[in-house]
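Chemist: Residues per chain, in single letters:
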Amino acid sequence: MEYLKKYPKLFQWIFLLVVFFALCFAIDVPETYKFIRGQAEFVKDPNQSVYFFLGKEVRYYAFDVFWRLPPLLGWLPIWINDTLFFLMNEWMPMEFWNEDTQEFKTRPLLLEISRNLTSFMTFLIELIREILLGGLETIVAFTSWDFIDAYPWLELPGLPWTIVAAGATILAYKLSGIGLALFAGLTMVYISIFGQWKPSMQTLSFILVAVPLSFAFGISLGIAAYKSKRVENVLYPILLVMQTMPQYAVLVPALVLFGVGDHAAVIITMVVAVPPMILLTILGLRAVPPEVIEAGRMSGCTNWQLMTKVLIPTARRDILIGVNQVIMVCFSMAVISAFIGAKGLGFNLLLALNQLNIGLALEAGLCISLIAILLDKMSLAWANQQQDYFGNLTFFQRNKNIIFFGGSVVVGAILAYIGTFIFKDTFNYLFEVPHNKGFSTADFWNKGVDWIFDTFFVYIKAFNTWLITEVLQPMRALYLRMPAVATLVLAVGAGYLIGGIRSALVVAALTLFIALSPWWDRALVTLYMATFGVVVSCLIGFTVGTLCFQNKKSAAFMLGVCDIFQTFPSFVYLIPVMMLFGITDTSVLIAVIVYATIPATRYTIEGLRSVPAGLHEAATMSGVNKFQRLTKIEFPLAFPHMMLGINQTIVFALFMVIIGAFIGTEDLGQYILKALSDKNGAGIGLTLGICVAFIGLIFDNLIRTWVEKRKKHLGIA
Amino acid sequence: MSETVIKCESVYKIFGENAKKMLEESNGNVDAKTFQENGCIVGVNNASFEVSKGEMLVVMGLSGSGKSTLLRCISRLTDATGGKIFIEGQDLLQLNNKELIELRRNKMGMVFQSFALLPHKTVVENIAFPLQIKGIKTEDSISRAMEMVKLVGLDGRENYFPRELSGGQQQRVGIARSLAVEPDIWFLDEPFSALDPLIRKEMQDEFLRLQEKLQKTIMFITHDFDEALKLADRIAIMKDGIIEQLDTPANIVLNPATEYVRKFTEEVPREKVLVIEDVMDSSTKDNLGDIKVSKDDIIENVAEKILTQEKIVGVVDSNNNIIGSIKPSKIIDTVFGGRKNSS
Chain A
0 MEYLKKYPKL FQWIFLLVVF FALCFAIDVP ETYKFIRGQA EFVKDPNQSV YFFLGKEVRY
60 YAFDVFWRLP PLLGWLPIWI NDTLFFLMNE WMPMEFWNED TQEFKTRPLL LEISRNLTSF
120 MTFLIELIRE ILLGGLETIV AFTSWDFIDA YPWLELPGLP WTIVAAGATI LAYKLSGIGL
180 ALFAGLTMVY ISIFGQWKPS MQTLSFILVA VPLSFAFGIS LGIAAYKSKR VENVLYPILL
240 VMQTMPQYAV LVPALVLFGV GDHAAVIITM VVAVPPMILL TILGLRAVPP EVIEAGRMSG
300 CTNWQLMTKV LIPTARRDIL IGVNQVIMVC FSMAVISAFI GAKGLGFNLL LALNQLNIGL
360 ALEAGLCISL IAILLDKMSL AWANQQQDYF GNLTFFQRNK NIIFFGGSVV VGAILAYIGT
420 FIFKDTFNYL FEVPHNKGFS TADFWNKGVD WIFDTFFVYI KAFNTWLITE VLQPMRALYL
480 RMPAVATLVL AVGAGYLIGG IRSALVVAAL TLFIALSPWW DRALVTLYMA TFGVVVSCLI
540 GFTVGTLCFQ NKKSAAFMLG VCDIFQTFPS FVYLIPVMML FGITDTSVLI AVIVYATIPA
600 TRYTIEGLRS VPAGLHEAAT MSGVNKFQRL TKIEFPLAFP HMMLGINQTI VFALFMVIIG
660 AFIGTEDLGQ YILKALSDKN GAGIGLTLGI CVAFIGLIFD NLIRTWVEKR KKHLGIA
Chain B
0 MSETVIKCES VYKIFGENAK KMLEESNGNV DAKTFQENGC IVGVNNASFE VSKGEMLVVM
60 GLSGSGKSTL LRCISRLTDA TGGKIFIEGQ DLLQLNNKEL IELRRNKMGM VFQSFALLPH
120 KTVVENIAFP LQIKGIKTED SISRAMEMVK LVGLDGRENY FPRELSGGQQ QRVGIARSLA
180 VEPDIWFLDE PFSALDPLIR KEMQDEFLRL QEKLQKTIMF ITHDFDEALK LADRIAIMKD
240 GIIEQLDTPA NIVLNPATEY VRKFTEEVPR EKVLVIEDVM DSSTKDNLGD IKVSKDDIIE
300 NVAEKILTQE KIVGVVDSNN NIIGSIKPSK IIDTVFGGRK NSS
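These protein sequence lines are chains A and B, in that order.
First residue of the first sequence? That's 0 in numbering that gives the first Met the number 0, and the numbers climb one at a time after it.
First residue of the second sequence? That's 0 in numbering that gives the first Met the number 0, and the numbers climb one at a time after it.
Quick caveat, the hints were computed from the structure, so don't treat them as lab data.
Possibly wrong hints are sitting among the right ones.
Stated by the list, open to error - To spell it out: a stretch of chain A is covered by chain B in this simulated footprint if at least three of its residues, at any positions, have a beta carbon under 8 Å from a beta carbon of chain B; those stretches are:
| hint | stretch |
| --- | --- |
| 1 | 281-293 |
| 2 | 303-317 |
Stated by the list, open to error - With a cut-off of at most 27 Å between alpha-carbon atoms, the simulated DSS-like pairs for lysine-lysine come out as follows:
| hint | chain 1 | residue 1 | chain 2 | residue 2 |
| --- | --- | --- | --- | --- |
| 3 | B | K97 | A | K228 |
| 4 | A | K226 | B | K97 |
| 5 | A | K308 | B | K136 |
| 6 | A | K226 | B | K133 |
| 7 | A | K173 | B | K136 |
| 8 | A | K376 | A | K342 |
Just so you know, even glycine gets a beta-carbon here, dropped at the ideal spot from N, CA and C.
Given the sequences, and given the hints that come with them, work out the whole structure.
Modeler: As structure tokens, this is what we get:
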């Protein structure tokens, strides 16, 4: 009884768990229930029932209502599909002038907008691509094919790789210094001599369009939201869902709206990359001290000057993190959007993975990662640049970078010209090393993989089998054994205990959406994989983070490692695991663990770091030893921040689980992947994406509410 | 004194949704409690005063007394809920945005408690900032800023970033920035409150030196009564948004208007605040000793001289005419007497 008074929360939790398990045991598995492996629910089946909603036919398996809720939201994907189709093909027909046929033509408004957007994006990408690689489509865009036929010399020759490499090196040197310049130079040379030049430049052109556009949109919308409460209220829920929405899921609607190709990829990349930019812009602007704003006002700033000269520069740190995120997402999407026909390294990577050519995949993945790191570092350096007013510079000193670049253009051009004589019968290696005609270490890696397989096959297989039969299968069975009602009770109860009635309602709504969709079972499978990944990631992350924190240098080193790893596109993580474990659930889970360990480690170190120094001293003076200090002082105080790390870990894990569908899983991701090749996939893909996003948001809501309360309680809010 | 630069007529600042409506209904009789019950917080309550050219008005009050709010009303960083504010005859609340910006660019400078420097700009860039905002060419603004750097004694540190400077140095930058456009009116919002006591004293002296040179019209906010006494031509003491007393330092110390003001004056070393004129006897001019003191001398500085005299000491004005006298016992009474009564 005394315990009850002392820890009322604890008993409430125990009560909740008791109710949950009681429900689990009370509700039997219906005899008709069977988990259908890898098969869409929409196949006709004698066991299916049918209902109609808004004139749409929805089929579902009739189960006991307590066991699985009927898919009352089954009409949603169909409805989304029909609406999209209607908007694209029938809504608001208008007269538009057609250049080719020289007459007005009636077209639906949205289709016309989408076409114009598409051609605009295509033009931008082609422009950069042709500067880097050569071509004539941008010139055709302004003239005509006949014109080009008359003047064939107009075709852009493309820059020799030597010039691009020199340009990147000089730019890196100007922005940061010798270190980054060296890195830039080596990266470019590596890309070239390994024969990845063309796909790399294709990817780069994609990035060079997507990043600035996402940045511009993100920061403008962020400013709009900062200035107007109403805009923020509208944006915020969308942003939340978009942040946890897996990237696969947005591909499908993009297919419908913009078709296949680089342009669709850029547009959809913007959709994914803009939300974090907006959120971080708002966050940064909010954090600007009011006195700094007042100082700006008193200096006589107009609103525009206040924004550009005071607010944005002062909020630079957060905005920079936003740019960082944008670059990260763009590279991630550069790979994923190969599914909808984007050219470049991503396409090669997917192809190589599909053929199980690990060596090739590794090379392509390494190229993407190197370019990603390079751009990331360069953008950081650019933002940190300073002006020097007092340099008495000569003309040469002021313009040395331009002069050097001009020189390298001349030298590169001459080299390329000489190349035409040296490599008369083969490719001109001084101009461009053709794809897959450079050095390749693919064979080496492939042999390595074979060797690993031959040598360790038994052990890997044994580990694999053990993990799957002893851990994963039972865990999956347990998750699937949960009746829907019991899960609902658990989620809502947890929401109520953590955040009161408000949280309970939010969690209930989110859970109900998933439960009423036709994919509850798949959501449970997704959840089981994510849970496994998160638990292991957190264990590793907390341990590594805590150990690294013991020493300042190792902590800084670890944070740097996290930074670099975070820059890798998520898809790249699949390469090494496929190398070792082949096409199994284990591979996916290990990729999940590796990927999700990054935020867990980072937040652990940051959390421990944020413990005030005064407390360390107070603890030391109380005579605690290292271990006591860790357990009694540092962990309790750092825990709220570490919980935010868990939050991130969950989001990362969910992303990776969904991407893992590429290897072949049977969760929501698999269905999203399937929707890509489905004529009516847009609705399904989007609804599935929302389901995944909601899983993330349930945890997000619970954890954030808890953290806020806890921080207030500890007085470190 | 000469012309009026700042003039406030019953200025009110009330925070809350229905502030304007409630203020109209109250007919100028604002009671903080009833307003609070209706979800409004009274920041400034019926403030009326004038500041003349070249005068330094110090507004003193504890945190939450509305002193910073009053300053923000006058610089129009926030709009006053009621009343009128005139800056050199211009009705501040009637100015449109463009006119307000012009006014700030040319007439006003402000220094902030937390320095409010732009973290991404160097010292000289920070100081040049208001000039560049005005559209002055980079070279000119930088060379002007360099003059300001010298004025506040930060030579050699012009390329430092704010984070690389100490608090006192940062506030020097803040002061230099606020003076860069050569404003007529200078607002200082607790400029020295975030500094260490020693640095604070140094900065106060520096500030007095600057003011002697520049002769700006100043509104200075502080929560430190000693600082107010040291710097002010006149002091306004605020409590709960109301100006309790507005007078010269000497009058405030000698004749506190309310109980609240008296509490502040209790611990004040009077000999450091009062001048001979404040305590002299202007009726007795005969029977004086040889030694004379000026009416503008601070008591502390001449106390020893007077106390060693047996006779009454004569007081002279700047033209060396005798205008009164002072007894040694009066000095003792001033230094110790007042405090005994009040305790």
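Chemist: Count the residues of the stretch 281-293 of chain A whose Cβ falls closer than 8 Å to any Cβ of chain B, and tell me whether that reaches three.
Modeler: holds (count 4)
Chemist: Given the hint that K308 (chain A) pairs with K136 (chain B), does the C-alpha gap stay at or below 27 Å?
Modeler: Within the cut-off at roughly 16 Å; holds.
Chemist: With a cut-off of 27 Å on the C-alpha distance, tell me whether K376 (chain A) and K342 (chain A) pass.
Modeler: Given that 27 Å is the threshold and the Cα spacing comes to 24 Å, the pair holds.
Chemist: For K226 (chain A) and K133 (chain B), compute the direct alpha-carbon distance and say whether it is at most 27 Å.
Modeler: 24 Å, holds
Chemist: Given that the stretch 303-317 of chain A was listed as covered by chain B, double-check it with a C-beta distance under 8 Å for 3 or more residues.
Modeler: holds (count 6)
Chemist: If you draw a straight line from the CA of K173 (chain A) to the CA of K136 (chain B), is it 27 Å or shorter?
Modeler: 26 Å, holds
Chemist: For a C-alpha distance cap of 27 Å, please report whether K226 (chain A) and K97 (chain B) respect it.
Modeler: 20 Å, holds
Chemist: Does K97 (chain B) pair with K228 (chain A) here, judged by a C-alpha cut-off of 27 Å?
Modeler: 25 Å, holds
Of the numbered hints stated above, none is contradicted by the structure.
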